[in-house]
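*Asks:* Each chain, letter by letter, is given below.
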Amino acid sequence: MKPIDELWVYLATNPLLHLTLTLVAYLIGNRLYRRFGMNPLLNPVMIAIVILVGLLVATGTSYGQYFEGAQFVHFLLGPATVALAVPLYNQFARVRRSVGPLLAAIIMGSLSASLSAVGIAVLLGAAPEIVASIAPKSVTTPIAMGIAEQLGGLPSLTAVLVILTGVVGAMLGPPLLTLLRIRDWRARGLAIGVAAHGIGTARAMQVNEVAGAFSGLAMGLNALATAILLPLLWSWIF
Amino acid sequence: MIESLTLLLICQLVGEVLVGLFGLPVPGPVLGMLLLFIGLLIRRGVPPVMQTTATTLLSHFSLLFVPAGVGIMLHIGLLEDAWLAIGVALITSTAIAIAVTALTMLGLERLAGRQPDMDQQP
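Residue numbers (our numbering), protein chains in the order written: chain A, 1 to 238; chain B, 1 to 122.
For the record, the hints were derived by calculation from the structure and aren't laboratory data. Where is the CB? At the ideal position from N, CA and C, for every residue including glycine. A few of these clues could be false.
Chain A is faced by these chain B residues, among others (derived, beta-carbon under 7 Å) [unchecked claim]: (1) 22; (2) 30; (3) 33; (4) 42; (5) 46; (6) 58; (7) 62; (8) 66; (9) 69; (10) 70; (11) 72; (12) 75; (13) 100; (14) 102; (15) 106.
Take these sequences, add in the hints, and give me the full structure.
*Replies:* Spelled out as structure tokens, the structure:
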């Protein structure tokens, strides 16, 4: 038998370990989420992140080492985003019926997400590079990082804020929308997609196909709207 | 399955190439989504294999955000320093954006005299 530390060195440098851990942590999160009646507060992504960060910190593993394995899961984000065209196509009749209100709602949502975040961060005395990093936080990760760089923020901090926003939106959105008596699945999906990009869309997709399709559409159009409007507004305000 | 996966990758690849060539302000996969959508419009329907692949990939869409989310460990120090400003800004602005988006859409639908989707209530 090999000594245990030798085995550990082998496993820690092999992508298999961290790929498997990522799936196991997610399945634990999913199990807990379902066990407690799909309570949005028990978001599977959040549970998985907490488990994995705890494990990595405890074993002194770097994020780079972890990502060697996790990249295979991360890679699928691209093709899965493309696949959002399928539910969108299936719901196209509904989308076409309300193009005007839909576009107006997405632009209003885009502006209110960035401007309120910037306003609150400035009021609470956040440093300028944090304010610039927080501005595009409702936009899907790759484009949010690009916008943050343009505004003078820290793209890698933005990536984290985007994920946190997604988790907050997926947790907070459904009870908030119910509180506001919004029962239309189209509006519910649209709101979650604008505020909480892909993580919100993932959650909407699990609940209802109409909500999922509108959420995916909102995510894409919000990325476009914010990428165009925010840098313009920024040069005008600051 | 392999055909539809290949098609998804081709759409993404073409999307990335177009974004790179023209410096477009959208991510490659989002443009890929648009390309596939146009393809489905032209074809007037989703092939059953594509439907299955898309459903499978999207049923665990949230899993795909876990690796990026673990990246939070790189910024724990920064988050600790400004946790109050960041936390309050994220939570409040997300709630505001959700309310504004949903209310704008339903308000405008009502102005246009359209009924809400009654058969589609939660």
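*Asks:* Give me the numbers of the hints this structure contradicts, sorted from smallest to largest.
*Replies:* 1 and 4
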